[in-house]
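Chemist: This is what each chain is made of:
2 protein chains.
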Amino acid sequence: MYTIGIDLGGTNIAVGLCDESLNIKDKISAPTGASRAPEMIVKDMAALAKKLIDRNHISGDDVAYVGIATPGTVDPRAGVVEYNNNIRMKNFPIVETFRKYMPVPKVYVENDANAAALGEALVGSGRGSDSLIMITLGTGVGGGIVIDGRIFSGSVNTSGAELGHTVIVAGGRQCTCGRRGCLEAYASATALTAITEEKMHELELKGIPSLLFEEQSREGRVSARTAFNAAARGDKYASALIEDYIGYLAEGVTNMINIFQPKILCIGGGVSGEGENLIRPLEERVSRDQYTRDSKKKTKVAVATLGNDAGIIGAAALGNTSSRQK
Amino acid sequence: MYTIGIDLGGTNIAVGLCDESLNIKDKISAPTGASRAPEMIVKDMAALAKKLIDRNHISGDDVAYVGIATPGTVDPRAGVVEYNNNIRMKNFPIVETFRKYMPVPKVYVENDANAAALGEALVGSGRGSDSLIMITLGTGVGGGIVIDGRIFSGSVNTSGAELGHTVIVAGGRQCTCGRRGCLEAYASATALTAITEEKMHELELKGIPSLLFEEQSREGRVSARTAFNAAARGDKYASALIEDYIGYLAEGVTNMINIFQPKILCIGGGVSGEGENLIRPLEERVSRDQYTRDSKKKTKVAVATLGNDAGIIGAAALGNTSSRQK
Numbered sequence: 011m012y013t014i015g016i017d018l019g020g021t022n023i024a025v026g027l028c029d030e031s032l033n034i035k036d037k038i039s040a041p042t043g044a045s046r047a048p049e050m051i052v053k054d055m056a057a058l059a060k061k062l063i064d065r066n067h068i069s070g071d072d073v074a075y076v077g078i079a080t081p082g083t084v085d086p087r088a089g090v091v092e093y094n095n096n097i098r099m100k101n102f103p104i105v106e107t108f109r110k111y112m113p114v115p116k117v118y119v120e121n122d123a124n125a126a127a128l129g130e131a132l133v134g135s136g137r138g139s140d141s142l143i144m145i146t147l148g149t150g151v152g153g154g155i156v157i158d159g160r161i162f163s164g165s166v167n168t169s170g171a172e173l174g175h176t177v178i179v180a181g182g183r184q185c186t187c188g189r190r191g192c193l194e195a196y197a198s199a200t201a202l203t204a205i206t207e208e209k210m211h212e213l214e215l216k217g218i219p220s221l222l223f224e225e226q227s228r229e230g231r232v233s234a235r236t237a238f239n240a241a242a243r244g245d246k247y248a249s250a251l252i253e254d255y256i257g258y259l260a261e262g263v264t265n266m267i268n269i270f271q272p273k274i275l276c277i278g279g280g281v282s283g284e285g286e287n288l289i290r291p292l293e294e295r296v297s298r299d300q301y302t303r304d305s306k307k308k309t310k311v312a313v314a315t316l317g318n319d320a321g322i323i324g325a326a327a328l329g330n331t332s333s334r335q336k
Numbered sequence: 011m012y013t014i015g016i017d018l019g020g021t022n023i024a025v026g027l028c029d030e031s032l033n034i035k036d037k038i039s040a041p042t043g044a045s046r047a048p049e050m051i052v053k054d055m056a057a058l059a060k061k062l063i064d065r066n067h068i069s070g071d072d073v074a075y076v077g078i079a080t081p082g083t084v085d086p087r088a089g090v091v092e093y094n095n096n097i098r099m100k101n102f103p104i105v106e107t108f109r110k111y112m113p114v115p116k117v118y119v120e121n122d123a124n125a126a127a128l129g130e131a132l133v134g135s136g137r138g139s140d141s142l143i144m145i146t147l148g149t150g151v152g153g154g155i156v157i158d159g160r161i162f163s164g165s166v167n168t169s170g171a172e173l174g175h176t177v178i179v180a181g182g183r184q185c186t187c188g189r190r191g192c193l194e195a196y197a198s199a200t201a202l203t204a205i206t207e208e209k210m211h212e213l214e215l216k217g218i219p220s221l222l223f224e225e226q227s228r229e230g231r232v233s234a235r236t237a238f239n240a241a242a243r244g245d246k247y248a249s250a251l252i253e254d255y256i257g258y259l260a261e262g263v264t265n266m267i268n269i270f271q272p273k274i275l276c277i278g279g280g281v282s283g284e285g286e287n288l289i290r291p292l293e294e295r296v297s298r299d300q301y302t303r304d305s306k307k308k309t310k311v312a313v314a315t316l317g318n319d320a321g322i323i324g325a326a327a328l329g330n331t332s333s334r335q336k
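Chains H and L, in that order, are what the protein sequence lines are. If you're matching positions, the first sequence starts at 11 in the working numbering and goes up one per residue. If you're matching positions, the second sequence starts at 11 in the working numbering and goes up one per residue.
Watch out, some of these pointers could steer you wrong.
[What the hints assert, rightly or not] Straight line, CA to CA, 25 angstroms or less: simulated DSS-like cross-link-like pairs of lysine-lysine:
1. L:306 with L:273
2. H:37 with H:53
3. H:100 with L:306
4. H:110 with H:53
5. L:110 with L:60
6. L:216 with L:246
7. L:100 with L:110
8. L:273 with H:100
9. L:116 with L:61
10. L:110 with L:53
11. H:116 with H:37
12. L:100 with H:308
13. L:308 with H:100
14. L:53 with L:100
15. H:100 with L:307
16. H:110 with H:37
17. L:116 with L:53
18. H:307 with L:100
19. H:116 with H:53
20. H:306 with L:100
21. L:37 with L:60
[To be verified] Negatives, chain H to chain L, calculated, CB over 10 angstroms:
22. 38
23. 43
24. 214
[To be verified] According to the in silico footprint, chain L covers these stretches of chain H (three or more CB under 8 angstroms from chain L):
25. 171-181
26. 254-265
27. 271-283
Think of the hints as simulated: they come from the structure by calculation, not from any bench. Where is the CB? At the ideal position from N, CA and C, for every residue including glycine.
Please model the complete structure; the sequences and the hints are all you need to start from.
Modeler: Below, the structure written as structure tokens:
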């Protein structure tokens with residue numbers, strides 16, 4: 011049997027056909043057209059899934075279920091997207107709508123950060139672990155929690171696991187959520203870009219040269235990579251900035267480890283592309299700071315390994331009996 | 011049928027006989043004698059339990075199981091206290107030892123903060139909720155987490171839920187765990203006492219009068235109550251101090267709500283004795299700050315209601331099929 015995982019993003023719809031070991035046999039994608047009516051988007055999702063079935067010469071009966079990963083607040087039990095900022099879904103019955111266009115027996119839906127964490131736990135950085143926390147460093151800071159092989163996304167409602175919206179610096183930098191000092195305001199790619207720009211502005215005013223300016227010219231803009239690149243070339247201002255950045259990230263990561271004691275905590279999202287330059291100093295800090303002193307019981311910190319496929323794979327795993335929510 | 015809950019504390023052993031609705035029918039206690047060999051302490055626990063059975067004219071067959079709540083790191087599956095600072099247990103097989111002195115069919119053990127949270131969820135402040143977080147403000151800041159009616163205490167090892175050891179002020183006040191700026195360093199009774207003493211020292215140096223000094227004389231010392239009492243009498247320095255204290259506590263509480271979205275978050279421990287003076291401003295802050303905007307889905311913040319009985323009741327509930335860990 012196969013399963014189909016659909017990663018509905020703000021820019022693209024990516025659909026993958028997975029085997030029972032969650033290997034992607036084939037995948038296909040198309041622009042989301044996020045400003046369209048949600049029903050049109052879902053219709054395209056179903057058309058892409060059918061195309062994938064056809065071109066792999068299998069039949070609908072060979073597909074056990076379809077899983078959908080979407081941004082926003084999701085109620086997986088009801089099959090409803092409660093709220094989605096980019097794709098303009100509000101209390102939208104995505105499962106029911108999808109089945110109108112593709113009558114498979116079972117369709118599941120989950121928040122994309124949660125699905126990605128499940129994918130990482132099953133076949134990514136956490137392969138073989140039934141407990142994993144994934145922190146995604148992108149536009150914001152996302153979180154996904156897997157406990158006992160299942161997604162945990164909050165008790166009263168399913169918009170929990172907002173790991174980016176935990177304050178690590180009371181009274182600190184303004185966060186989009188209204189509070190000050192959230193992890194997201196220090197550790198997202200957006201925050202790192204802003205902090206780099208602030209530093210460059212300060213250096214410019216003082217007339218201090220720095221490789222940060224060279225990197226900016228080379229890239230054509232300031233990004234989350236600018237300071238990492240300048241630091242790798244030995245710039246002292248960039249190095250201090252990256253050390254601070256990793257220090258704040260370590261506070262958030264250590265907090266989550268002290269709360270959850272997962273087997274593995276993986277870092278995904280754009281900034282995780284820095285690989286060892288990010289993870290080595292991060293793991294050093296976290297290993298020193300975490301509450302558990304027993305080295306055999308410490309949480310491993312690693313880079314997420316599934317990259318852009320995490321959403322597809324996590325979605326394709328949503329119907330696994332062992333990973334399904336109660 | 012009855013169950014017996016034993017709350018093993020650093021000072022006293024408290025044993026309660028509970029009915030199936032978790033009402034305490036009778037309880038008994040004796041000094042722990044914490045410096046003795048652990049086996050002697052367990053022998054006394056069994057003797058107290060037997061005394062309770064005898065004086066209630068029931069037989070051992072009427073007792074479904076015994077539950078033990080103990081401080082320290084516990085492995086409930088193995089029935090072992092891995093480490094306990096005050097009672098000097100180290101990898102101590104408490105369940106096996108207890109059954110040597112009282113051969114009941116089933117004996118369970120849990121960390122006391124976890125047991126208390128289970129008690130609060132079942133019959134205390136969370137009566138009827140299957141998700142609850144309890145934060146205990148005492149010598150330290152303890153945490154207990156109940157998800158789906160079961161205790162969650164970490165995945166890799168069972169020393170998770172260290173909610174007090176999450177940094178809310180990066181680089182802030184020194185914590186006993188080695189990090190700086192943990193919730194415990196701002197919100198424990200010990201921290202509040204220290205912060206009050208620091209403020210009084212500052213006022214004294216400047217020769218500024220304050221009701222804090224009157225309260226100190228009345229109590230004979232500075233405690234976590236001093237500033238609350240002076241604030242209630244209108245002292246502006248005490249009021250500002252309490253506002254700050256509740257502000258920091260609110261950061262930690264809101265963080266936990268954004269992660270777990272529990273139905274209820276209850277505050278226990280000595281400082282919770284301040285009741286409405288603590289909870290009203292705390293709930294106001296938390297309600298404003300939490301990520302969920304939907305008022306129907308917001309977490310309720312409340313004072314724990316079982317007081318010193320939470321440990322006994324939680325221990326007496328450990329064998330409930332629905333609350334037992336996998």
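Chemist: Each hint needs a verdict: does it hold in this structure or not?
Modeler: Hint check results:
no.	hint	verdict
1	L:306 with L:273	11 angstroms, holds
2	H:37 with H:53	17 angstroms, holds
3	H:100 with L:306	17 angstroms, holds
4	H:110 with H:53	9 angstroms, holds
5	L:110 with L:60	13 angstroms, holds
6	L:216 with L:246	16 angstroms, holds
7	L:100 with L:110	19 angstroms, holds
8	L:273 with H:100	23 angstroms, holds
9	L:116 with L:61	19 angstroms, holds
10	L:110 with L:53	9 angstroms, holds
11	H:116 with H:37	20 angstroms, holds
12	L:100 with H:308	19 angstroms, holds
13	L:308 with H:100	19 angstroms, holds
14	L:53 with L:100	17 angstroms, holds
15	H:100 with L:307	16 angstroms, holds
16	H:110 with H:37	22 angstroms, holds
17	L:116 with L:53	17 angstroms, holds
18	H:307 with L:100	16 angstroms, holds
19	H:116 with H:53	17 angstroms, holds
20	H:306 with L:100	17 angstroms, holds
21	L:37 with L:60	12 angstroms, holds
22	38	35 angstroms, holds
23	43	28 angstroms, holds
24	214	27 angstroms, holds
25	171-181	holds (count 9)
26	254-265	holds (count 5)
27	271-283	holds (count 3)
Checked against the numbered hints above, the structure breaks none of them.
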